[in-house]
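Undergrad: Chains A and W, in that order, give the protein sequences. The first sequence begins at 203 in the working numbering and counts up by one. The second sequence begins at 203 in the working numbering and counts up by one.
Treat the hints loosely; a few may be bogus.
For identical chains, the list gives no copy identity; a pair is met inside one copy or between any two copies.
List of simulated lysine-lysine pairs, DSSO-like, C-alpha gap at most 27 Å [stated by the list, open to error]:
1. 243 with 597
2. 243 with 469
3. 466 with 390
4. 244 with 466
5. 232 with 561
6. 466 with 243
7. 524 with 389
8. 232 with 244
9. 365 with 243
10. 244 with 469
11. 365 with 321
12. 224 with 390
13. 321 with 390
These are calculated hints, taken from the structure and not from any lab test.
2 protein chains.
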Amino acid sequence: MRRVAIVGAGITKFGVREASWKDLVQEAGKAVFDDIPNLDKKDIDSLFVGAAQPERWVFQTHVAPLVAELLGINVTRAIARTEVACASGQAAIRYAWLSIATGLSDVALVLGVEKMNTKFMNVSQSSMINVGNREFDGANGFTAPPFFALAAQRHMHDYGTTKEQLAMVRVKNAEYGSYNPYAQFQKKVTVEKVLESRMVAPPLTLFDCSAITDGAAALILASEEKARQLTDTPVWILGGVQHVDAAHTTNQMGDLSEWVALRKAAKDLYSMVGIEAKDIDIAEVHDCFTISEIIEYEELGFCRKGEGGKFIEEGESYIGGKVAVNPGGGLLSNGHPLGATGIRQAWEVVMQFRGEVPKERYVDGAEIAIAHNLSGMAQLHHLMAYSVNKPQDVKFGR
Amino acid sequence: MRRVAIVGAGITKFGVREASWKDLVQEAGKAVFDDIPNLDKKDIDSLFVGAAQPERWVFQTHVAPLVAELLGINVTRAIARTEVACASGQAAIRYAWLSIATGLSDVALVLGVEKMNTKFMNVSQSSMINVGNREFDGANGFTAPPFFALAAQRHMHDYGTTKEQLAMVRVKNAEYGSYNPYAQFQKKVTVEKVLESRMVAPPLTLFDCSAITDGAAALILASEEKARQLTDTPVWILGGVQHVDAAHTTNQMGDLSEWVALRKAAKDLYSMVGIEAKDIDIAEVHDCFTISEIIEYEELGFCRKGEGGKFIEEGESYIGGKVAVNPGGGLLSNGHPLGATGIRQAWEVVMQFRGEVPKERYVDGAEIAIAHNLSGMAQLHHLMAYSVNKPQDVKFGR
């Protein structure tokens, strides 16, 4: 199987943007082409677009060929839009990775985009119900904030995790976001400020939640041969898996603070890559809510189960701690344009490995990174692993 | 690279169904599991769902994990929903194929589904505008029927193709559909009947058009090792490509009756598989309109450019002719539930290869089949090739 690398990365400013969906696509396209000026656009043979709900937010489907048209890409091998709600972007990276690994594709454009802020915000917001099992979760108002609030309540009950510890996740990610000019929120916050912000779903306040965001990000992926021609700093894909707890929000699910699918996915990924949790220098994780990041510390093996609160309190997820978690500010600072988030995480990894981020959020000497998305009510977990100096053959099989 | 085979296939009745989207998923799931009783559901490690616009038609996104939940699938390797409008199903097959070819997955469930007939048919129908470039094509009413009507007008002008020849495509596909108990329309028709049906977009009458349909279909794909354990009639995937004309409906496009992207895609596929057009026994092609099938004869190389009308008139696309085109009745008889169509085509190929279709539509001795989808305004063409007795290593690279 061929080795696959990310050779170019570009991003738009995330936030409440005046830009249309198409504007965002073109802005991210320009950014990625500017990032790799020696790439001949004609060499791109494939295109994968991560987008969650353009059908509802911008009344558009068949979005992959539309991106091809907007960016002038002449697809001759493979094209698709991928959707797994909040992890739609990472699914696009995975499809491109497999296409190049087999030899079907040589150079692929991967673009994630979501335009969520529209003139019809009641529709924009209520459409988030569609991510759950609509007739059950939706009809009962069991959307993301109440789900993650229950997970937090359970975690606090079982392990003594405190509201202050939840807030500390936002404090860390806000600090790193303050050095990220593309982030939706670039102001530092204090624990007090998080606790004082308005209640959304107890114990989660507004500042415990990520936002509804417009944004796009794009990558160029290439085979090893092409990658060596195109860049001196290829970022290698070492592996990737996805695990599902089929029915997280029904009675088939156990303890809401235990994300068993993530635990299994992490074990699977580390085995595929030949690493242990302690080998990871950078972890881009899906902090859609502060509690998410705390549970992810545990299930990814950075600390023991139940000790996620202590992990942030003791600074272990800061740069310089055991593992730098979300040094770009995470979803909490960047916002969460669903289809773009997975691509934004990969962009952050590329920029970190190249040293092209402000020094205040730079993870010096990092060689291994993982990116984690979750989707839905945390029942589906998506992992990828990347390295900068260590290309290796991927162990696809078990 | 590992060889990949289809080892199981199941389908629902297509048509205007009382069944909900979830009912269709479960019906197709039951059908595919019944088809391969010796498969242990626990061996399925991956799931790919083809679905075009569940967001608009059933207010549901994040559909892949929902299918996992409904069917009790425990994903431990890869999962995604794929969307490329009318070819969303084939994109799901492709993702599964690449996942298994690399070794990431061993056994994958692929399911295509669309619920298009709802209580709000004005919304259901107008949502088809979203398939085009909405602000341009949609705002000008340039949806599928007028586009394919223009292609037909141009073809008639350039090559002398007649309305009767268009109608003959429907006559053939209606005949085969009459022997397909899963098809939406199972009545034979005459050329006169087609010509007399109400005008939709000149020269296309109602019977020149495929319908708005509810339906689902599912496949089990497996590695060669697993396939040999599971079935005596594995259907091998020999190759697959997609080509795009980036901007079919803008001024970048030339003659509407020339589908250059399909011509190039066919050349690419035949080279990948090591065949010529004359080697193909069965062609499942995307007859969304009668004119589509005529142009496809030409661009797929079954006859010379401009001779598609003559090809149907001389019976060359009937079973026993040069190539059996749409022996299951095509989209014209089956209807076109967008996400399910690509899977339905593969189901037909599997049933043909196994000889599990009524003798009136059975292509005896067939060994090589292709499946063709188009999406949007025919600017994007999707091809796969299958064989029953001839497994071979896929030449992924050029």
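Undergrad: Against this structure, judge whether each hint is valid.
TA: Hints versus structure:
no.	hint	in the structure
1	243 with 597	between (31 Å within a copy, 24 Å between copies)
2	243 with 469	between (38 Å within a copy, 22 Å between copies)
3	466 with 390	neither (34 Å within a copy, 54 Å between copies)
4	244 with 466	between (41 Å within a copy, 16 Å between copies)
5	232 with 561	within (25 Å within a copy, 56 Å between copies)
6	466 with 243	between (39 Å within a copy, 19 Å between copies)
7	524 with 389	within (25 Å within a copy, 69 Å between copies)
8	232 with 244	within (15 Å within a copy, 45 Å between copies)
9	365 with 243	neither (50 Å within a copy, 42 Å between copies)
10	244 with 469	between (39 Å within a copy, 19 Å between copies)
11	365 with 321	neither (34 Å within a copy, 46 Å between copies)
12	224 with 390	neither (31 Å within a copy, 45 Å between copies)
13	321 with 390	neither (29 Å within a copy, 50 Å between copies)
Hint compliance for this structure: hints 3, 9, 11, 12 and 13 are not met, and every other hint is.
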